[in-house]
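Asks: Residue numbers (our numbering), protein chains in the order written: chain A, 1 to 99; chain B, 1 to 321; chain C, 1 to 628; chain D, 1 to 549.
No lab work stands behind these hints, which were simulated from the structure alone.
Model, not experiment: these values are computed from the prediction.
Any given hint could be a false lead.
Stated by the list, open to error - Here are the simulated DSS-like pairs of lysine-lysine, each with C-alpha atoms no more than 30 Å apart in a straight line:
no.: 1; chain 1: B; residue 1: Lys-186; chain 2: B; residue 2: Lys-200
no.: 2; chain 1: C; residue 1: Lys-441; chain 2: C; residue 2: Lys-159
no.: 3; chain 1: C; residue 1: Lys-368; chain 2: C; residue 2: Lys-441
no.: 4; chain 1: C; residue 1: Lys-159; chain 2: D; residue 2: Lys-489
no.: 5; chain 1: D; residue 1: Lys-414; chain 2: C; residue 2: Lys-159
no.: 6; chain 1: D; residue 1: Lys-484; chain 2: D; residue 2: Lys-414
no.: 7; chain 1: C; residue 1: Lys-159; chain 2: D; residue 2: Lys-484
no.: 8; chain 1: D; residue 1: Lys-489; chain 2: D; residue 2: Lys-414
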Amino acid sequence: MNPENYLYLSALLFTLGACGVLLRRNAIVVFMCVELMLNAANLALVTFSRMHGNLDGQILAFFVMVVAAAEVVVGLAIIVTVYRSRHSASVDDASLMKL
Amino acid sequence: MSALASLAAETSTSTGEAAQFWLLGPLALLGGLGTVLMRRAVYSALCLAGTMVILALFYLSNGAYFLGMVQIVVYTGAVMMLFLFVLMLVGVSSTDSLKETLKGQQWLAAACGLGLGLLLVSGIGQASTGSFTGLGQANSGGNVQGLASLLFTRYVVAFEVTGVLLTIAAVGATLLTHRERLERAKSQREQAEARVRENKHLPPLPAPGVYARHNAVDLPGLLPDGSPSELTVNPTLRARGQMREVHRDALAAVRALEQRTNRHHGRPENPGIPAGQTNGNGANGNGADGVNGKGLAGSSAADGPAGAADEAATDAEEARK
Amino acid sequence: MIGLLVGAPLLGAAVLLVGGRLLERTGHWLATALAAVSLVLAVTLFLDMLGREGEERALHQHLFSWIPVADLQADVAFRLDQLSMTFVLLITSVGTLIHLYSIGYMAHDPRRRRFFAYLNLFLAAMLLLVLADNYLLLYVGWEGVGLASFLLIGFWQHKPSAATAAKKAFVVNRVGDVGLSIAILLMFTTFGTFAFEPVLANANETGEGTLTAIGLMLLLAACGKSAQVPLQSWLGDAMEGPTPVSALIHAATMVTAGVYLITRSGAIFNAAPDAQTVVIVVGAVTLLFGAIVGCAKDDIKKALAGSTMSQIGYMMLAAGLGPVGYVFAIMHLVTHGFFKAGLFLGAGSVMHGMNDEVDMRRYGGLRKYMPITFVTFGLAYLAIIGFPYLSGYFSKDEIIYAGFSQGGAEGWILGGVMLLGAALTAYYMTRIMLLTFFGEKRWQPDAQGHEPHPHESPLSMTIPMMVLAVGSVGAGFFFDSGERFVHWLEPVTGLGHGDSPVSHGTVALAATGVMLLGVVGAWWQYGRRPVPVVAPAGRWITRAARRDLLQDDFNHAVLVRPGNYLTRGLVYLDHKLVDGVVNGTAASVGGLSGRLRRVQNGFARSYAVSMFGGAAVLVAATLLMRAV
Amino acid sequence: MSFPLLTATALTPAIGAVATAAVPAARRTVAKWLALLFSLATVGFAAAVLLRFDTGSGADRYQLTESRSWIEDFGVRYELGVDGIGVAMIALTAVLIPFLIGAGWHDADPPSLPASGQEGPREGEAPATRRWRPTQGFFALILMVEAMVILSFAATDIFLFYIFFEAMLIPMYFLIGGFGDRAGEQDTEEGQARQRSYAAVKFLLYNLVGGLVMLAAVIGVYVATADQLPEGTFSLQAILEARSAGELDFGTATERWLFLGFFVAFAIKAPLWPLHTWLPNAMGESTAPVAVLITAVVDKVGTFAMLRFCLGLFPEASDWATPVVIVLALVSIIYGALLALGQRDIKRLIAYASISHFGFIVLGIFAMTSQGQGGATLYMVNHGVATAALMLVAGFLIARRGSRLISDYGGVQKTAPVLAGTFLIGGLATLSLPGLGPFVSEFLVLVGTFSRYKAAGIVACAGIVLAALYVLILYQRTMTGPLKPGLEKLPDLRVRELTVVAPLIALLIFLGVYPQPLTDIVNPAVEHTLSDVDQSDPEPELPAVEAAP
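Kindly generate the complete structure, drawing on both the sequences and the hints.
Replies: If you want it as structure tokens, here you go:
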């Protein structure tokens, strides 16, 4: 089998995550979808590293994980505070950015 | 593990791996779909966890043993748990509808997402990653060692920076979620006095209604006229939208009971207003005088229809004396 | 010396205008004194000039260089030759007399000081006009007298009619001035200068076309200033001004400036016969026009104004005849200056006595009540109708004779026209005379219901009238005896002798004959039977003449109303079209941006959509780049 | 190097602006006197410039030059220098400003103060807050404008000129939008404010558009020089020398585009039909002194720049464009006069009259004769003074009655004779009566035009008649006739107002009777300009004739 299939898989997963981000209103679910996208990217990175026969791809994936962790922590904290103030976790309710 | 190692070392993928891929790949996709489409956040969280596990397996089979482990431990372990905790805070079982509110949003989203996907796929198709060198000698000294040597030599700066980043993230999270208590907590007495001053809920809040057949604190108690009282349910449950409907026939039963008592006392059918409703706050259970005995009956509907009936009758007689 | 001549009244005007309250009591005397000063100066200069012989009589004075730009050199320089001298004497003498007269006439006017300031201003401008040594400086004086006449016509500004008349006079004159300025431009492009000497000396060297153009432009200017057809319409209305003004400006001096201009530019006209013909036609037409109008008017001043037009028509015609006529044109101008001023002052004195009533049909029988006025007015009357051996007789007959001496059909036509004009003159002057001083009283109480108590005017008014009367009686004889005037002016204007089919005597006889005819006709109509106070409807010609032969209606229909429509239309267009385009653009831009603003709806997910769309586009782009 | 006189002249008002703005809110009178003081100091410096300027035949073209390098990389230099035209314009600006300050003495008083000469809709307005300091702002802005105008008259570096040409707009914008006279057709404060801001924004947009077009052309010039010269430069003198030396040639097409870029900007600034519509709004809505500032000072930069830059930099293109420009100028003359006839608003009428006069100026410039261009320069000066006289008196009148509509006036002459007299003199100057300044310049323009384009000259003459019409109709409707109700107690000119107007009138008469000093200054510069465009006056038909002895 051709390891490119992993890439196809990651592409599909990424797309799924993207659609989720665009479609779901629940902030937490949106976050999960973002995680999904990150994981898809990681898969691609790992596959590349295998193809090229060096570990840089894995290092990069590693960093992605770390950053993702940090991002999740902060993001969830933000969600919690928002929920406290507005009693809702819907991203559409926080639409104060318009003029 | 060794088997995996050997298989990752080769310059071409074995049939076993192919089988694994064709078996788990679709599952991973299913998990992704579930994450996107499940109406309850908990379910999508579980689907996501599944997908992540599968991805961990793929990492392993791609010779990224360290990452595979990290994936399982950090992601499926820590991050997903964090998600679940937050879900607890926000309301586990709250479902949100998938009905789109923004005009044309879903079409645009579908177009962009799918378009992006197709483009990526076609891009990969075009990208001729012809030669394929396995991780044979890269992992020769062991995958972890290899990573470590890279991480602490070439990527050391980035490593340090990410460390700092994590620290900052932790601090930031605590800062965001932490609430400073500015004034002393009110004692119970002070709260009571405050209630008196505002003149509402002088007595403690009424208890939720509990039927014999179903024991739950998420059922609202009934007012004398049978309408459910929001007050009786824990505000958290209310906020999560987990307050349960009072069953219809329960209300019907109350009606029937009243009519029967009327007939029993030979009163005219269906007097305009049941006496107890003259002051609705009888539901709050204050005032032991007979006039709003019905109020008591209404609030303590938990005793079941019959009991309620007797009490109602006696109270009515008292009222007449 | 010459500068002082202009300077004295100018100084007076400045002092009076700036001086303010201080001069309320003494201002008029100061003004009169300064006018007198310039008169004395003029006389001394005159005697001095007589002392010298023929050629060196002309004086030059170069004050300073006015506008020096490249090869355009305009100087402030004066030229005093016999022609200018004649005018200077006329202007200063009549001017001084009328200053004197005004002291009495304006005695009760609160704004007398300013009136005298304007009079002085006029004197200065008029003197500048006749003394200028180049056309540009002449133009300055030209517009200056226009300004003074504007101020004086509109002196009683509270009367809308006066204000309108003043504006009309200035604007109509402006039309003429355009002619003068174009003429000056033409001279500059042709001769490279517009000083009299070089221009006139080299007039013959250029093509006749240019000269004709210049001549016509000068004629246009003259028409404006001298109220000749087609620019005559302002003179009648100008009578809104105080009577001394009408006497000085609109009878004796300013209105004759046109004749001066043409005589001065004689060299140009001599070389451009076509232009001359036009001048003659204009003069002839105006001659009859004014006479007809004068016959129909009941307003004494307007009737006199008509007569002025017609008399200037005589002069204009004479000037158009060329060297044959110049001298007599000027001669008639001077005599006319005397008797017409006298007539106006008489009219003013009559109005003074009749509560400013101007309708002659409400006069009548005044000769007993104001004898001096009657006598002086009568003498001036005899002079103007050309009663033998009074001034008008000499000057007018000479012009008529010159007209005949054109020879051929043209000569006969001109002579006939002028004789007809003479008859008409006699007719309307007699009419005025009869209506005013003879017949029974037809006085009416004025608007306030005051019965008029006609009385003789104070000395300050009558003395000038007497002097002028003497002038109108004697001047003609004085000038004509031994052709004194001819010899005096000949060096400047030149003199020509046409061969006339008829002799001097016949012309004189004919003139006297038609004069008598006119007098008798007038007496037949107004002398025999009482005159109705309200004017009878009259025939169409009378009605038309009362409306100044419809000149105003014509102007209104042809110029004013279309002009109004044009301006209104343009204002609308400027707002809607020129401005509309700009505002339209602005509005459209604003609308567009407003629509674009909607995209920013604040929903994070729609922003995310655009983000992903962008990403997709980028990927597509990269792929395409790799594909090609 | 010697004392930087031009810089000093321009700097004085700038410093004055800062000082005036710094005066505390309560001390309004101090601010006024301070502004007046600084403007007078500027007059002093301008007089020094006038004296130091050498009009001799041997004198070089640009004098009092200063040159410091500023932005090395783009060859932008701080280069100042004046030729005769520049001197005349600087003198005009410096002389006018004190009168404007004196005339606007009370225009910026906060409404609550009992401002003398401001009867009408002053009552019942919100009292001024303590922090509110309009007076200081008003005078500071005026001085700032003066500084920028002087610098743009003196700048010989194209980029430097562009900067001040544009920077001028900012203070003007605030002057127009911030300080209207309370006499608009809109009777409500809001209505007037709306009209004011409309006018101000219109002014800003028009001139900004012009400025942008010009900026493109400026950059174009730099690029062209950078191509052909050893290094690119913005210096006018350098470019002129290079041209004459034949080292620099823009090439026909480029030169025409660049010319258009400059010309459009200047045609907007000195409103030329059909780019004029901002002027009536701006002049109508702003107070009289600001209106004078616009038309008499700021707009002159446009015509001045046509002379200095359009003709100097792009002779062939100017020659190519002349027919069109002349037609536009003629249209402006007639069109402006006709529209002035149709106005109901005194200030708008004067504005359209100015448009007509600017038509004359442009006509003179592009007639390419020494009379025409000299006349145009004189016209700039005279028109400045004449419009100042007329507009300021009109402003006094409007301030008394609180209305700009002609129909609200009539018979003013009876109650306020002096005001009427000065108004009449201003009007006569506007219709260029001989003996007053404008006549000389208008005559020169006519001669200059006529000697080259006969038809154009004759058409322009029609403008004379129209001028008489609109001025005299205005005078008749407002000053003469029976007294309109509401004007019975109209006060006559006060001492302050008279001291403002009288010198202007004296100046008009002087310029009309003895303009020689001015012409002596201007002529050499005009000769230079003509030699730039290598044109010479057409010879008369009979060159033999000598001028009169």
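Asks: What are the numbers of the hints that this structure violates, sorted from low to high?
Replies: Result: no hint breaks.
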